[in-house]
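Participant: Given next are the chains, with one letter for each unit.
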Amino acid sequence: MLTLSEVEYVASLACLELTEEEKKIFSQQLGEILDFFRQLDILDTEGIEPAFHSIPLKNVFRNDIKGNSIEHEKALSNAPQREGEYFKIPKIIGGGE
Amino acid sequence: MSYYTIIGLEVHVELLTETKMFCSCSTKFGSLPNSNVCPVCLGLPGVLPVINKKAVEYLLKVALSLDCKIPHRSKFDRKNYFYPDMPKNYQISQYDLPLSQDGFLEIEIDGNRKKIGIERIHLEEDTGKSIHTGTIDKSLYTLEDFNRAGVPLLEIVSKPHMSSPEEAGEYLKELRAILFSLGISDCKMEEGSLRCDANISVNKEDFPELSRKVEIKNMNSFKSVQKALFYEIKRQTEMIERGEAIQQETRGWLEEEGKTIFMRGKEMANDYRYFPEPDLLPLEIDRIWLEEIKNTIPELPREKKRRFVKDYNISNYEATVLCDNFALSKFFEETVRIYDKAPVITNWLLGDISKYLNAENLEITSTKLTPENLSEMLSLIDNKVISGKIGKDIIEEMLRSGKKAEKIVQERGLLQISDEEVLWNLIRKVMDENSDAVKEYLKGKTKALGYLVGQVMKQSKGKANPQITNSIILEELQKKTGEA
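As you go down the protein sequences, you meet chains L and Y in turn.
First residue of the first sequence: 892, per the numbering used here; consecutive thereafter.
First residue of the second sequence: 7, per the numbering used here; consecutive thereafter.
None of these hints come from the bench; they were simulated from the model.
Don't take every hint at face value.
Partner residues aside, some chain L positions facing chain Y, computed with beta carbon under 8 Å [what the hints assert, rightly or not]:
{"no.": "1", "residue": "Thr894"}
{"no.": "2", "residue": "Ser896"}
{"no.": "3", "residue": "Glu899"}
{"no.": "4", "residue": "Ile956"}
{"no.": "5", "residue": "Ile961"}
Sample of chain L residues at the chain Y side, in silico, Cβ under 7 Å [said to hold, decoys possible]:
{"no.": "6", "residue": "Ser903"}
{"no.": "7", "residue": "Lys914"}
{"no.": "8", "residue": "Phe917"}
{"no.": "9", "residue": "Phe927"}
{"no.": "10", "residue": "Phe928"}
{"no.": "11", "residue": "Arg929"}
{"no.": "12", "residue": "Gln930"}
{"no.": "13", "residue": "Glu937"}
{"no.": "14", "residue": "Pro941"}
{"no.": "15", "residue": "Phe943"}
{"no.": "16", "residue": "Val951"}
{"no.": "17", "residue": "Glu976"}
{"no.": "18", "residue": "Tyr977"}
{"no.": "19", "residue": "Ile980"}
{"no.": "20", "residue": "Lys982"}
Quick list of simulated restraints, FRET-style, between CB atoms [what the hints assert, rightly or not]:
{"no.": "21", "chain 1": "Y", "residue 1": "Lys135", "chain 2": "L", "residue 2": "Ser945", "range": "32 to 38 Å"}
{"no.": "22", "chain 1": "Y", "residue 1": "Glu112", "chain 2": "L", "residue 2": "Ala970", "range": "26 to 32 Å"}
{"no.": "23", "chain 1": "L", "residue 1": "Lys965", "chain 2": "Y", "residue 2": "Tyr89", "range": "21 to 27 Å"}
{"no.": "24", "chain 1": "Y", "residue 1": "Ile267", "chain 2": "L", "residue 2": "Glu964", "range": "38 to 44 Å"}
{"no.": "25", "chain 1": "Y", "residue 1": "Lys121", "chain 2": "L", "residue 2": "Pro947", "range": "37 to 43 Å"}
{"no.": "26", "chain 1": "Y", "residue 1": "Lys144", "chain 2": "L", "residue 2": "Leu895", "range": "18 to 24 Å"}
{"no.": "27", "chain 1": "Y", "residue 1": "Leu260", "chain 2": "L", "residue 2": "Glu976", "range": "52 to 58 Å"}
{"no.": "28", "chain 1": "Y", "residue 1": "Gly189", "chain 2": "L", "residue 2": "Glu976", "range": "30 to 36 Å"}
In this text the structure is predicted, and so the values were computed from the model without any measurement.
In this text, a Cβ means the ideal position worked out from N, Cα and C, and glycines have one as well.
Next up, chain L with everything else stripped away, as it sits in the complex (with noise of 0.2 Å):
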């Protein structure tokens, strides 16, 4: 189980508003997914290195060449507001969240 707080400190990082209800389911189901993954300590990792990727490969790189762009057009056909050639979003600072 999470405790309240800790799901409302989670919620609001991805902003995200919660109702008491689902704060609580969601303490009851995060709580749930933690304890499955905590089956993992259990493992002893004495003396191996640490794994940052499950597929073993490393240094896939692109050359510094250019490529197509999509058509400015296209990029901003799914905007749900536009200004222009610009992307317009809603205000940042004291808007709703």
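Chain L is fixed; fit chain Y onto it per the hints.
Facilitator: Below, chain Y alone, put in the same frame as chain L:
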């Protein structure tokens, strides 16, 4: 009771790669907004970033030039936060395994050398550009241009080794000179390709517990970095004197008002929830690759400075000023190749030419002056075709128009008068009009000679040959002494 200051700097540098950090969109500045974009840098779902090899090479060049350690293994991480200029809602950056760490940069203050430690240098991607209507807090809405989103960015974090705004200024100058000579960034603070945040704490001897580090943001020139630091030293010292404890906080510099204001406190510090970027594979930097990169590193400013002093017979100060500006030092060397009086070139570059560049806020490369034209002008002075004063008068037009000195001199009728007959007449006229000065001289006030020469120069609009003028006036005065 004495105080001491601790300063550390965080510098962000946009790299001069052709393409972005994780996609092949162009990094060109000034393109149509939202035209250098693709699904990767727009943060559309289901796309995969791929690391730009050149950006890694550029970082390694900087790291080697700053004597950093380059760990064998490195990786990228996700830094999670919501802000509209980051369309993915996270920035790909590096957290616990940066590509390099633990180096140093040497600065020189009043002839004393000091090593400033480098904590780490890592790679990340730049954000988009937000345009607010009016100020950010009063703006009704914001416009976003994602052309800059994903441009490769270096973050260079110093250790808290600086103890004054002057040292911070020297560090920035030296760092920029190195980045310039490596050719990895254009380092324009005004255009945002080089940005700097500062951490500063003022401490009272024996009472360090009163002090916390304060971060300052929003400085857009080296001068404002120094001004902001001076302001903070004063503000924090006054707080300590009043017995107030300094809080850990982030403050913003307001250029027009010349002060910093509170932005956010420690309790509002972001929780970025870093984790290894699952879409990118780890990096392993092998020694062979590092050796290859090492071989591409050109002469660095501090080595160049020593060479200039040794080879060109100029002062340590002059060499420093020249080498701090990569373009200027290059121009200098190109001029030396065709006109061999290095000290004369130095005088002009650091004198009248720098004065013009500073006033117009230009680099020598963005003017029309060429090394060829400068050397020709200097030869005209050497050959007494024009006086040094005329040279000073026409240099600005040379910088602006790219015209040759000879052409400007002809157009303006500025060729030096060396014709003794012409000068003789002019000098007689001046002596008649200034009989007081002549009398003064005859009474033994030799200073009056300078005055008379000055008047001749003035009336001839600077064209009179000063040496000939001088000797004619002396001759005339001696005659008068004889008469008297």
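Participant: Next step is simple, just say for each hint if it's right about the structure.
Facilitator: Evaluated hints:
no.	hint	result
1	Thr894	violated, 16 Å
2	Ser896	violated, 14 Å
3	Glu899	violated, 13 Å
4	Ile956	holds, 7 Å
5	Ile961	holds, 5 Å
6	Ser903	violated, 10 Å
7	Lys914	violated, 19 Å
8	Phe917	violated, 17 Å
9	Phe927	violated, 18 Å
10	Phe928	violated, 13 Å
11	Arg929	violated, 17 Å
12	Gln930	violated, 19 Å
13	Glu937	violated, 20 Å
14	Pro941	violated, 10 Å
15	Phe943	holds, 5 Å
16	Val951	holds, 5 Å
17	Glu976	holds, 4 Å
18	Tyr977	holds, 4 Å
19	Ile980	holds, 5 Å
20	Lys982	holds, 6 Å
21	Y:Lys135 - L:Ser945: 32 to 38 Å	holds, 36 Å
22	Y:Glu112 - L:Ala970: 26 to 32 Å	violated, 49 Å
23	L:Lys965 - Y:Tyr89: 21 to 27 Å	holds, 24 Å
24	Y:Ile267 - L:Glu964: 38 to 44 Å	holds, 41 Å
25	Y:Lys121 - L:Pro947: 37 to 43 Å	holds, 40 Å
26	Y:Lys144 - L:Leu895: 18 to 24 Å	violated, 36 Å
27	Y:Leu260 - L:Glu976: 52 to 58 Å	violated, 30 Å
28	Y:Gly189 - L:Glu976: 30 to 36 Å	holds, 31 Å
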